[in-house]
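Asker: So the chains spell out like this:
Protein chains: 2
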Amino acid sequence: MRDVYYEQLERLADRLLDMSRMVGEAMDRATMAMSGADLELAGLVVAGNARVEQTRVDAEDHAYALLAARSPAATDPRVAVAAIQAATSLERMGRLAVHVAEAVQRRYPQPVVPSPLMPRFTEMGRIAVWLATMAGQVIVRRDATLARALVSVDDEMDDLHRTLFTVIDYREWTYGAATAVDVTLLSRFYERFADHAVSLAWHSTFLVPRQSPTKDPLPLTTPLQTANTPC
Amino acid sequence: MRDVYYEQLERLADRLLDMSRMVGEAMDRATMAMSGADLELAGLVVAGNARVEQTRVDAEDHAYALLAARSPAATDPRVAVAAIQAATSLERMGRLAVHVAEAVQRRYPQPVVPSPLMPRFTEMGRIAVWLATMAGQVIVRRDATLARALVSVDDEMDDLHRTLFTVIDYREWTYGAATAVDVTLLSRFYERFADHAVSLAWHSTFLVPRQSPTKDPLPLTTPLQTANTPC
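So the protein lines, in turn, are chains A and B.
Just so it is clear: in the first sequence, position 26 is 25 by numbering that gives the first Met the number 0, and no numbers are missing.
Just so it is clear: in the second sequence, position 212 is 211 by numbering that gives the first Met the number 0, and no numbers are missing.
It cannot be assumed that every hint is accurate.
In silico contact screen, one side only, chain B against chain A (beta carbon under 8 Å); selected entries [what the hints assert, rightly or not]:
| id | residue |
| --- | --- |
| 1 | M21 |
| 2 | Y63 |
| 3 | V80 |
| 4 | A81 |
Counterexamples of contact, computed for chain A against chain B with all Cβ distances above 10 Å [what the hints assert, rightly or not]:
| id | residue |
| --- | --- |
| 5 | V3 |
| 6 | D37 |
| 7 | A79 |
| 8 | L159 |
Below, a sample of chain A positions facing chain B; criterion: calculated Cβ distance under 8 Å [as the list claims (entries may be wrong)]:
| id | residue |
| --- | --- |
| 9 | W172 |
| 10 | T183 |
| 11 | L184 |
In case anyone wonders, no lab produced these hints; they're calculated from the structure.
Positions of the beta carbon are idealized from the N, C-alpha and C atoms, including for glycine.
Extracted from the complex, chain A is given alone in its bound form:
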C-alpha cells in the first residue's frame, strides 16, 4: 500500500514538473513573440495552454487519489493539498504567458512594447523562465534551501517592475497613454508569473510524506514566510 502511495506521489510530481517546463517555455516564447512581433509564435503560446490545463486536471486527479489513500504514509493531507496549490500556481503561470501572447496578437503588426523598453522585458522574461526552471528543480528535489533562493531572484523581478513605473513616469514618454497601459499590464504579468513561481516552489517543498523511505521529511513550518502570496 505504501509503495502505491509513493508511486502516486512521484507520478503527481512528474505532472507538476511537466507543467513547470510547459509554462517556462510558454513565457520564453511569449517574450520572443513580443520582441519580434511574431504572430505565429504568439499563437503557439495561446494554443499550447490547453495542454497545461489538461495536465493540471491530471495532477489534481493524482492529488485526490493521494487524499483518498489510507496508507500509513498518507496521514498528512498537506502533501496532496500542496500539490493542488502548486498546480493552481502553474495553471496561472500558463495563463499569464497567454496574456503576454494575446497582447502581441492584439497590437500586431505594431510592436506591443516600444523598442527602448524591450531589453527590460527580455530581462523580465529571462528571470521568469529561470524561476520556472528552478521551481521545477524544487519539484524534483523538494529542497527548501533552493526554494528560498528563488525569493531573492523574485526581488530582482519586483525591482524591474518598480523601475518601469519610474521610466514611464519621469522620462520623456512619447508613446501615448495606451502604450503605457499595455506596458504596465505586461510588466505586472511578468511580476505575477514570478510570484507564482515562488509560491509553486514553496508548495513543492511539501511534496514529501512524513514517512518517506528515501528522503528526510521537511518540517511543516513555512520555509518561505517572507515570500509574497500572489494575488
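Go by the hints and put chain B onto chain A.
Answerer: What follows is chain B alone, placed relative to chain A:
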C-alpha cells in the same frame, strides 16, 4: 463522529463568511478612500488585513481537521480542499483591497484617479462589494444557481475594465502616463477582485458533504465551467 464533522464544517463556513464580510467591507472602504483621498480610511484598510489573514489561518486549520477526520461523511476530500481554495481567494481579495488603499496612500494628497473617472471606479467598487456579499450568501446557502448568477455580474466588471482602456486610449488624456499606469492597475485590481469572488462562490458550492443530513449534495461536476479562473 458525524456530528463533530458537520460542526467542524459549519465552523469552517463561518470563518469563510467572516472573511467575505471583511474583504467586502475593505474594498468598500478602499473605494471611498480613493474617492475622497482619505488617508485615514486607507490606513484602516491596510491595517485591517491582518485580521483577514488570521481568519484564513483559522479556516485552513478547520479544513485540515476535516481532512484528518475519518467519519463516514468525510469520504470526499473535495469539501475541505474547496474550503482551502475559497480561503485563498478571500485572502487575495483582501490583498487587492489593500493594493487600492496603498495607491491612495502613495499619491496622497493628490487623488489617485482623475475626478472624471471616479464614477467608473465607484461603480466597480459597488459591483465588487456586491459580488463579495453574494459570494457570502453562497457560503451560507451552498447554492449553485446563485453562484452562477455571479458570473453575469462579473461580466459587467469585465466590461468596465475593458471600457476604461478605451477611455484612456481615445479620449483626450491629459493626466499623463503615470496616472494612466495607476488607473490601469487599479482597474485590474477591481477586475481581479471580482474574478476571485466568482471563484470563491464556485468553491463554496462544494462545502456540502456527500452524506449531509440536512442538504442535498451538489454534483461534483463544475457548476461554473465558463467562469474565469483568476490569475
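Asker: With reference to the structure, classify each hint as holding or not holding.
Answerer: Tested hints:
1. Hint status for B/M21: violated, given a least beta-carbon distance of 15 Å to chain A, over 8 Å.
2. Look at B/Y63: its Cβ gets to within about 6 Å of chain A, closer than 8 Å, so that hint holds up.
3. At about 6 Å, the closest approach between the beta carbon of B/V80 and any beta carbon in chain A falls short of 8 Å, and the interface hint on this residue holds.
4. Checking B/A81 against chain A by beta carbon gives a least distance of about 10 Å; that is not within 8 Å, so the hint is violated.
5. At roughly 17 Å from the closest C-beta of chain B, the C-beta of A/V3 stays outside 10 Å, upholding its exclusion from the interface.
6. With a minimum CB-CB distance of about 23 Å to chain B, A/D37 clears the 10 Å threshold, and the non-interface call stands.
7. At roughly 8 Å, the least C-beta separation between A/A79 and chain B is not larger than 10 Å, which violates its mark as non-interface.
8. Every CB of chain B lies more than 10 Å from the CB of A/L159, the least distance being 15 Å, so the non-interface label holds.
9. With 8 Å as the threshold, the beta carbon of A/W172 comes within range of chain B, its nearest partner Cβ sitting at about 4 Å, so the hint holds.
10. Because the smallest distance between the Cβ of A/T183 and any Cβ of chain B comes to about 5 Å, under 8 Å, the interface hint for this residue holds.
11. Evaluation of the A/L184 hint against chain B yields a held restraint, the C-beta minimum of about 6 Å falling below 8 Å.
Violated hints for the displayed structure, listed by number in ascending order: 1, 4, 7.
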